[in-house]
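Visitor: Listed below, chain by chain, are the residues.
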Amino acid sequence: MRYGEGPFGAVDYKYLERVFCAGEVLNAPAWEWLQKKIFRNQIPVIDHMWQTETSGPVFGNPYGLGMLPIKPGSATVPMPGIDAGVVSLDGTPCAAGEKGIMVIKRPFPGLTAALWGEPERYGRDYWSIIPGVYYTGDSAQIDDDGYVWFAGRADEIIKIAGHRIGTIEVETALLGHAAVAESGVIGRPDELRGEVISAFVVLKQGFIPSEKLKKELLDQVRHELGPVAVIGELNFVDMLPKTRSGKIMRRVLKAVTQEKNPGDITTIEDEGSVEEARHAWHQMRAALDNQPVLRPTAGPAKNN
Amino acid sequence: MSAATKISEPSGSPGIAEEHVGHAIPHHLVSPVAQKWIEEGKQDPEGFWGRAADQLPWFRKWDKVLEWNPPTFNWYVGGQTNLAYNALDHHVKRGWGGHTALVYINERGERRVYTYAHLLHEVQQVAKALRGMGIKKGDRLTVYMPTSPEAIILMLATVRIGAIHSVVFAGFGAKALGDRVQASGSRLVFTADVTYRKGKDTRLKEIVDEALQNAGDKVEHVIVLKRTAGEVPMHPGRDLLWEQFLEHGAGESGDYVVMEANEPAFILATSGTTQHGAVVVCPEAYRCLVVDLRHWMDRGTQLHRVRSANRRRNHYRLRRRTGPSDPRWRLENADGGVLRHRNLHFTHRGPIVDAVWGRAVRRR
Numbered sequence: 001m002r003y004g005e006g007p008f009g010a011v012d013y014k015y016l017e018r019v020f021c022a023g024e025v026l027n028a029p030a031w032e033w034l035q036k037k038i039f040r041n042q043i044p045v046i047d048h049m050w051q052t053e054t055s056g057p058v059f060g061n062p063y064g065l066g067m068l069p070i071k072p073g074s075a076t077v078p079m080p081g082i083d084a085g086v087v088s089l090d091g092t093p094c095a096a097g098e099k100g101i102m103v104i105k106r107p108f109p110g111l112t113a114a115l116w117g118e119p120e121r122y123g124r125d126y127w128s129i130i131p132g133v134y135y136t137g138d139s140a141q142i143d144d145d146g147y148v149w150f151a152g153r154a155d156e157i158i159k160i161a162g163h164r165i166g167t168i169e170v171e172t173a174l175l176g177h178a179a180v181a182e183s184g185v186i187g188r189p190d191e192l193r194g195e196v197i198s199a200f201v202v203l204k205q206g207f208i209p210s211e212k213l214k215k216e217l218l219d220q221v222r223h224e225l226g227p228v229a230v231i232g233e234l235n236f237v238d239m240l241p242k243t244r245s246g247k248i249m250r251r252v253l254k255a256v257t258q259e260k261n262p263g264d265i266t267t268i269e270d271e272g273s274v275e276e277a278r279h280a281w282h283q284m285r286a287a288l289d290n291q292p293v294l295r296p297t298a299g300p301a302k303n304n
Numbered sequence: 001m002s003a004a005t006k007i008s009e010p011s012g013s014p015g016i017a018e019e020h021v022g023h024a025i026p027h028h029l030v031s032p033v034a035q036k037w038i039e040e041g042k043q044d045p046e047g048f049w050g051r052a053a054d055q056l057p058w059f060r061k062w063d064k065v066l067e068w069n070p071p072t073f074n075w076y077v078g079g080q081t082n083l084a085y086n087a088l089d090h091h092v093k094r095g096w097g098g099h100t101a102l103v104y105i106n107e108r109g110e111r112r113v114y115t116y117a118h119l120l121h122e123v124q125q126v127a128k129a130l131r132g133m134g135i136k137k138g139d140r141l142t143v144y145m146p147t148s149p150e151a152i153i154l155m156l157a158t159v160r161i162g163a164i165h166s167v168v169f170a171g172f173g174a175k176a177l178g179d180r181v182q183a184s185g186s187r188l189v190f191t192a193d194v195t196y197r198k199g200k201d202t203r204l205k206e207i208v209d210e211a212l213q214n215a216g217d218k219v220e221h222v223i224v225l226k227r228t229a230g231e232v233p234m235h236p237g238r239d240l241l242w243e244q245f246l247e248h249g250a251g252e253s254g255d256y257v258v259m260e261a262n263e264p265a266f267i268l269a270t271s272g273t274t275q276h277g278a279v280v281v282c283p284e285a286y287r288c289l290v291v292d293l294r295h296w297m298d299r300g301t302q303l304h305r306v307r308s309a310n311r312r313r314n315h316y317r318l319r320r321r322t323g324p325s326d327p328r329w330r331l332e333n334a335d336g337g338v339l340r341h342r343n344l345h346f347t348h349r350g351p352i353v354d355a356v357w358g359r360a361v362r363r364r
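Those protein sequence lines, which keep their order, are chains A and B. Following our numbering, the numbering of the first sequence begins with 1 at its first residue and continues without gaps. Following our numbering, the numbering of the second sequence begins with 1 at its first residue and continues without gaps.
Hints are not guaranteed to be accurate.
Once the Cα atoms are required to be at most 25 angstroms apart in a straight line, the calculated DSS-like pairs of lysine-lysine come out as [as the list claims (entries may be wrong)]:
#1 K205(B) x K218(B)
#2 K254(A) x K215(A)
#3 K247(A) x K175(B)
#4 K37(A) x K14(A)
#5 K105(A) x K64(B)
#6 K198(B) x K226(B)
#7 K200(B) x K175(B)
#8 K247(A) x K36(A)
#9 K159(A) x K214(A)
#10 K175(B) x K254(A)
#11 K247(A) x K198(B)
#12 K36(B) x K105(A)
#13 K247(A) x K159(A)
#14 K226(B) x K204(A)
#15 K105(A) x K200(B)
#16 K200(B) x K247(A)
#17 K198(B) x K218(B)
Coverage of chain A stretches by chain B, computed from C-beta distances (three or more under 8 angstroms per stretch; other residues unrestricted) [said to hold, decoys possible]:
#18 106-112
#19 195-207
Hints in this document: simulated from the structure, not taken from any laboratory. Keep in mind that this is a model prediction, so the values were computed, not measured. Just so you know, even glycine gets a beta-carbon here, dropped at the ideal spot from N, CA and C.
If we strip away everything but chain B, and leave its shape as in the complex, we get (with noise of 0.2 angstroms):
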């Protein structure tokens, strides 16, 4: 055995590990369910895949569930959808419009509900607003805003109308959200004036402003939620706020547009762990598949359905993070699943995050 495989065996441990440690598992410890679904991966990729495809809504089902010419490929090639349908008229339309999608909570101790009916209801405005800017299908913007439901409507509005949306981490500096600005050709950027972070207020929008100073070409507009009462600094003609943002929405749309599946839904650039990020494209109906792989690993088990026989849908909590995973997705389960969004850093101990942690383990 070589070194590494040495360490890799855990030193007496406890619980529910117990039985396996250091020797091969035992048969019966496997679950056969999750030994079935695995074969069945294995024996027949593309049925997987293609029944796992079927448990969500589709406009128009694919000719062809993979098309593969490497290195690239295609999947559900033909099919039509849109994620923002997926996500909330979907579960509107089978009666759940008044079922709770989002809730979130940040360090301030600010509370906010949506139903389905709601979060889609503003999701329609923000589709508005944006075309009243000006965006149509194919067109980028950036959304370098702190975690928030303005955010995740945002996202929402961007892929309902066929636009791509390249979300930054409002964490990043002034040097790497220009370059992500630029990669993606973004003709608008939304941010805020701050972000909270362990107690304390980050200005962003003075983080937007030296970013746009040398790769701002494309960006014709910025849009800046205001959370706060103190001074934001506006550039006149560029720069609007939220609200005055929404006011273009008059008179326009906020219908969703049908797209194929393999048309990317957004951008997203790599972490940064490395040196050299790429920016990778997620078309639409992969992301609605991504939901299933997440749903087998975090969907309660049959035990946990005895357990909770009343509690009819998963709840997904939420990283403090607006970023790469965003599991909004998740809003499109099949289950129509409740976004817990916690705008919170656990490192940060003071008197409303306590509260908060308490109630993250105490209630659901």
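Bound-form chain A, shown alone (with noise of 0.2 angstroms):
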């Protein structure tokens, strides 16, 4: 999204029969500028959900068997074989539409079934969570016409005043912003609320931070989510850290507004991206030091 459509404008796409996104949930707003901006809404552009632990896509749209409609920045419903659900961290099947923790009831093949040289960390880490069921670790709701939303990590679940936000879902809301190319948000704590949101933000070409986009920024979170969305400091940044496979890693942003340095990022991440990921520290490290951080433009906000 951040360098247009230029690049794509002479492609033939007559070979094409179809994209599927993975690594972070496909957001509208990039569901959207893929559809039509890139493959003119030639072919389809689906997206679909997978683990490590569950060898192949546990949730996406059955394209092989029959397309079902695609909802933009849903990851459609869980294949066919797979028992899965919402749940409340204490067990309890959530409501259509009621967010809480993507869990798979019944084990199907190619869901690992041990950890290599850890034997007890497997029941402890996946099935004890909460009891009985398989913890996904994300946290998501289901609609009435049972497609899946997946809101974020359920530990990176950012909780201000007692609501429950999804990172992926303020994240979805910026790039709803005509000048948003990237966006990654994570909570920071907070006196007064618990935690706020602190955002970061690479805008498309052409587009210049400045204060009235950042209060337009605002705004628009505001208008999505409703006013428990309170944005502690939203930082215009070139680049964001992410893994080659595209994630986001949102505890290098977390590292960055608790002024730590993000340390064993290269344990676990590629060399490249770590050199990226420090790039983009020092940038927003530099760029917090050199402007004032926005307070929220409405409530008694209480920063540290």
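Dock chain to chain to rebuild the complex, using the hints, since each chain is given by itself in its own frame.
Guide: What follows is the structure in structure tokens.
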């Protein structure tokens, strides 16, 4: 989205039939851009979700059997044979539209049945957090049509004054603004509200950071998510720290806001992205030092 | 409605999603075929997965579809299979030896094509060499290689002889590699001198050497695939070139071993976006069935089949990394697909990437 449609202008998609996206949730604005601007509505752009532990896609559009209508921003439905549901932390099933934890209720072939060298950890990490079901670690909701909407990792959920907002939800709201190419958000501790949102935004080419734009983005999030989505600070950056498979490394962002060195990222991520992450981190740090921290326009925010 | 639900509703979505935006999906838009499969999966999960597995080749069928002893479980108990057999021998035996199995293109414009028979032959050579190095069923080895035919052949050869591979993405640093080598207890580490990334050579062997300084106590040999004419540091006695490794295959068997469905086919560390990575075990039969899941999502529709009636097989485009989900297992699809393997980074724009990207969308 950052580079616009220019590079794809002359490409003929005659022999492409469908495009599957993976890594992060394909936010509705990103889907719209791919579907409309890049692939000119000629072929379907389809999101799906899986984990290393599931070996293959567990939520998706069963295109091979018959494509279901696409709802932009939704991973579509559990694949055939996958018995999944959204429950609260105590295991109570959530109603349609209610956010909870995505769990898988029965084993399926492909679901890993053991961890190498750590036999007792398998049951503890996957089947005990919510007893008796497989814990995906993702926050999600299922709508009236049975479509699945992932909101972010459960441990990254931002808790503002008792409300729980997923990182993906805020990022999607920011992406809804015409100037935004990418965004990454995290929760930052706040004395008054428990947590507030700390947002990092990459602008599309041709857009310049300004206080006016910042205000527009804050309004955008407020409009989409309601007044509960309190943004503590919003930073314009040139790039986000991401893994090579495109996952935003939100814990690097977390380290930035807490003025900690992200530390062990070299041990986990690939070297190329580590350099990119470090670069982005230094850049964000410098940016934070050089600009006054933006206070929310509404409400008595109390920053540390 | 919660605030979250509110943003879930797409705003003014175009084209194919237009009919159902913001309200319940009309019944006529839901494919009856997909609906039927989903229903069958709900009503009788074990029967459903049993029928799915029926479509694959087995040396011996299972005694029990699922044995669930929480928290762990076994599928297709007593079933006998071999992933590499399913991927290659099965198709050669049914007369598909001359069909394209793998198309490889990298960002330098190098292009290689393997038929099923050719790929099987290559896999047998590597299986022999592994046996020549003393690798047996249950032994582990680490693959820290660029996405390349050799890496795919090596993985297939490893599962062929019942050994266990641990693929580490050739982009991870020395610490991450060392941790994974140690966790797996690998006897061999496979690497290359360089990997190509965004128009540059990224050196790999030096990273392996660094990783093994602290984590190499069980590693007996490092095998290096040399892709460039440049120098590469070699530890005498420990390090071998790919060609020297292949010479160890003289007099050995390249045949497959029969595996029980729940024996480990390979192990794989989780992605590392979380703090504490885990190494998951992927049993033999599970991967076979995963193919079905992918298939249901990604197979040509009936509509597509009409549109391309003389296009017999599905082509699968691989992501540019050799990693967790490597869809090489799609080779064992019942329809004998073609892997199109591109080691490209599309954000790196150069003449060759442009040319290949152009081909990617213009040609199958």
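Visitor: Among all the numbered hints in the text so far, which are the ones the structure does not match?
Guide: 14, 15, 17, 19
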